[in-house]
Amino acid sequence: MNGYGLHGSKLRLSIDGWEKLCARCRDWWPADLEFFYADPKGAGGLYLYCKACYLEHIRPGASRRAQPVLPPRFTTALLSAALAEAWSTA
Numbered sequence: 051m052n053g054y055g056l057h058g059s060k061l062r063l064s065i066d067g068w069e070k071l072c073a074r075c076r077d078w079w080p081a082d083l084e085f086f087y088a089d090p091k092g093a094g095g096l097y098l099y100c101k102a103c104y105l106e107h108i109r110p111g112a113s114r115r116a117q118p119v120l121p122p123r124f125t126t127a128l129l130s131a132a133l134a135e136a137w138s139t140a
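Here my numbering is used: the first residue of the sequence shown is 51, the next is one more, and so on.
What you were told as hints is all true, and nothing was included just to trick you.
When the alpha-carbon atoms are kept at most 20 Å apart in a straight line, the in silico SDA-like pairs for lysine to any residue are as follows: (1) Lys91 x Ile108; (2) Lys101 x Arg62; (3) Lys101 x Asp77; (4) Lys60 x Lys101; (5) Lys91 x Arg74.
Calculated directly from the structure, the hints in this document are not laboratory data.
Turn these sequences into a full structure, and let the hints guide you.
Given below as structure tokens:
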């Protein structure tokens, strides 16, 4: 089996287990949910792009939106100062 397995060249069996080819970066990654999102229509039930390529190319703002951003009035320094003042007056 010349490095290619099921579904043409999208899945292959290696020494470490099943691997899937990312259609974007063209690298082989373990065929699991750590590296690919689930997709019932995809090869092996996984999306055709790895998670890194998906976040970088398909949803470029997704990684930035995933982390909550405090409004400027609630920055860590201001919040710490407000808490220190509240505790000192109590």
